[in-house]
Amino acid sequence: MAVQAQRQATAAPARPRPKRVREEEVLVWPDLVFIEFISAVLFTITFVILSVFINAPLLNRANLDVTPNPSKAPWYFLNLQELLLHMDKAWAGVLIPTIALGFFAAIPFIDRSRHMQGLWFGTKYSVRITVITIIYATVVSFGLVTLDAGDTRLTPLVDFKTEMLTRWIPSCPEAAEDVGWPCLRDEAGAKHLGIVSTKDFSKRLEFEVLGVNWPEDLDNIAWPFNDSIGDWDLGFIGLSNIHGWGGEHLNIPAAMAEQVIPLTLTIVVFPGLIIYTMFRLGWVRTRRDVMIVMYTGVIFGYLALTLIGSFFRGEGQDLIAPWNIKVDEG
Amino acid sequence: MSATEEPGKPRNLSERIQLLQDRIYDRLFHNYIWQSIFRSGYPNTPRNQMLVVATNVFLHLHPTRLQRTHVRVTYTYCLGGLTFFMFIVLTITGVLLMFYYVPSVDRAYQDIAALETNVKFGLLMRNMHRWTAHAMVILVFLHMMRVFYTGAYKPPREFNWVVGVVLLVLTLVLSFTGYLLPWDQLALWAVTVGHGIGGSSPYLGDEVQTVIFGGFEIGQPALIRFYTLHVIALPLLAAIMMAVHFWRIRRDGGMARPL
Ligand code: HEM
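Chains A and B are the protein sequences, given in the same order. No gaps in the numbering here: position 30 of the first sequence is 30 in the working numbering, and each next residue is one more. No gaps in the numbering here: position 100 of the second sequence is 100 in the working numbering, and each next residue is one more.
No wet-lab data here; the hints were simulated from the structure. Where hints are given, some of them may not hold.
According to the in silico footprint, chain B covers these stretches of chain A (three or more CB under 8 Å from chain B) [what the hints assert, rightly or not]:
1) 30-43
2) 50-63
3) 103-114
The beta carbon of each residue, even a glycine, is placed where N, CA and C say it ideally should be.
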C-alpha cells in the first residue's frame, strides 16, 4: 500500500519550479512579521477610530407590513439587484452569478502557461489591456443601463430621454384585436411615454404579419423553461414538485427581451467585440491576455453595476441622480 | 591597577544600570517557566529568528525565509493577510456580540438597541463588527485581484485559486447572513430582496426559499437559520478553508515567482 502510494506520488509529472536563490531571501522574522504587525496595528487603529465616530445603522424594528421604497440588498449584491431590472430574474439572480463564479474557478485551467507568474502585469500589453477594459466595461455597463431605462433623462442638463429613440413605434389602437403593423400595446400600469425598457418593449409589441399573430400564436409552444411539458415529478429524490422556470408559456418577445438579448449582449457581443478588436490590434496575444480582458470585464462590470445600484436607483428603482435619492421608509 | 580589578564589577552608574538590566532580563526570560513556553532564545541571531518562526504555532504558518520581492509591501499589499486579520477581529467582536444577542424575532431588535445603549463598549463592538465586515468583503476582492494580476493562479497553484473562490463565496454569504440579525427594516428588506432572488432559481425556487430562508416570508425560521449559519457553520467552514488555503501556499512552493 504505502509503496504503491509512494510510487504514485513520485510518478506525478515533475513540474518546473523556480530555483531558490538564498541571497535573495530574507528572514520572516523580523522582515515580514514586522510588516504584518504594523499593518494589523494600523487597521486596528483605523477601525477603532471609524467605529467611535460612525455608527452602524439601526432603523426601525423589522415590520413586514411596511415596505421601504426602494428596498435594497447589501451593497455587494446590488449589482445582482440591478441585473434583475434588465433580464429574467433566474438569469440575473442565480445563473449569471453562478457562471461568473464558475468562470473565476476555471481561469487557471484555461490559462495554463507557467510564464509571467509572480509579476504584476507580466505580459507585454497587459497594463494597456487592463486599462482599456476597465474603461470599456464601465462605459458599456452605464450605457446599457441608461439605454434600458427608457423614460429617464440622461443628463441633468440636456433634456434628452432615451425613450425618444424608440418613439417611432406607434401605439396600438385601443379596440383592434390584431394589428397589421408592429405597435405597442399599453399595458395596465405601463408608463405612457412609449417604451420604458427592453422588457417592456418586447412584452408590449404586437403585430400580425403573414398570418402570424404576434405574440398570441406562440403562447403554447413547449420549451424547457416553462410548464408546457408539465411539472417534473422528482418525488423519489425528495423534490416532489419541480417547477418550470417561471411557469409561463413561451412568450417569445419576453424571452427575447429578458433572456436572448441581454445575455447575448453581455456574454457574447460586448466581450467578443473588445477581445477581437484588441486581438486584431495585436495586443491580446495569449490566453493570459484573454483572461485579463474577461476577468477585468467581469470585475469592473460588477463594480459599475454596484455603483449604479447604490447611487443611481431611487424610489421604484428609477434611475436618478445620486443627490435626488430619497428613501420612503413606508 | 585596572587589570587586577574583578571582571563584572560595576565601576560607574551606567555600568550598574547595565548590570541591573541584564539581571532583570535573565530573571524574566531565562527562568524555567518562560523557557518551558518558548523554546528558542531571543530572536537576535539568524538561527533564533528562524527557530522562533518554526516553533511558534502561529508564526509557523510562515516559512522561515522568503523571497525579498514577496516581502515588499507593493507586491501583495498585505491583502490576504489583512483579510485574515479582519476575520480574526470579526471573530472576537462577534463572540462579544453573542453574549448580548438572542436570535428571536421578539428579542433580537431590542437586544441590539440595548447593546448600543446599556452595554459598556457595546456600540463600539457593534460598529467594529459592522465596519470590519464591510472591509473584509472589499479586501477579499482586492486580494483576488492582486493574485490575478500577478498571475499567481498559474500552475501549480490552480487548486489554491479555487479554494480562494470558495473563500470569496463564504465571505459574501457570511456577510449576508449577518445582515439579517439586527432585525430592523434594513435587515428585513435587504434579505427579502435576497429571498426573491433565491426564489427565482430555475426549477428549485420554492425549495431554495424553504431550505435557506425557512419559508415564503422572512420570519423566525429565517432568523434562526441565518443566525446558526452566521455564528457557527460558516465561520467554521471558512476557518477550515483558510487552513487549507494557507497550507497549500506552503505546499505549492511558497508564493509565485517568475520561472
Ligand atoms: C477569506 C479569504 C482569503 C484569505 C484570508 C486569504 C489569505 C491569503 C494569504 C494570507 C495569502 C498569502 C499572500 C498574500 O497575502 O497575498 C494568500 C495567497 C493566495 N490567495 Fe488568498 N485569501 C483569501 C481569498 C482568496 C481568493 C478569493 C482567492 C482567489 C480567487 C485567493 C487566491 C490566492 C492564491 C492563488 C494565493 C497564492 C498567491 C501567490 O502564490 O502569490 N485567495 N491568500
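Here is how each hint holds up against the structure:
For the stretch 30-43 of chain A, the proposed coverage by chain B is satisfied: 9 residues have a C-beta within less than 8 Å of a C-beta in that chain, meeting the threshold of three. With 13 residues bearing a CB less than 8 Å from a CB of chain B, the stretch 50-63 of chain A meets the requirement of three and the coverage assertion stands. Evaluation of the coverage hint for the stretch 103-114 of chain A: fulfilled, as 9 residues show C-beta separations to chain B shorter than 8 Å, against a requirement of three.
When held up to the earlier numbered hints, the structure conflicts with none and fits them all.
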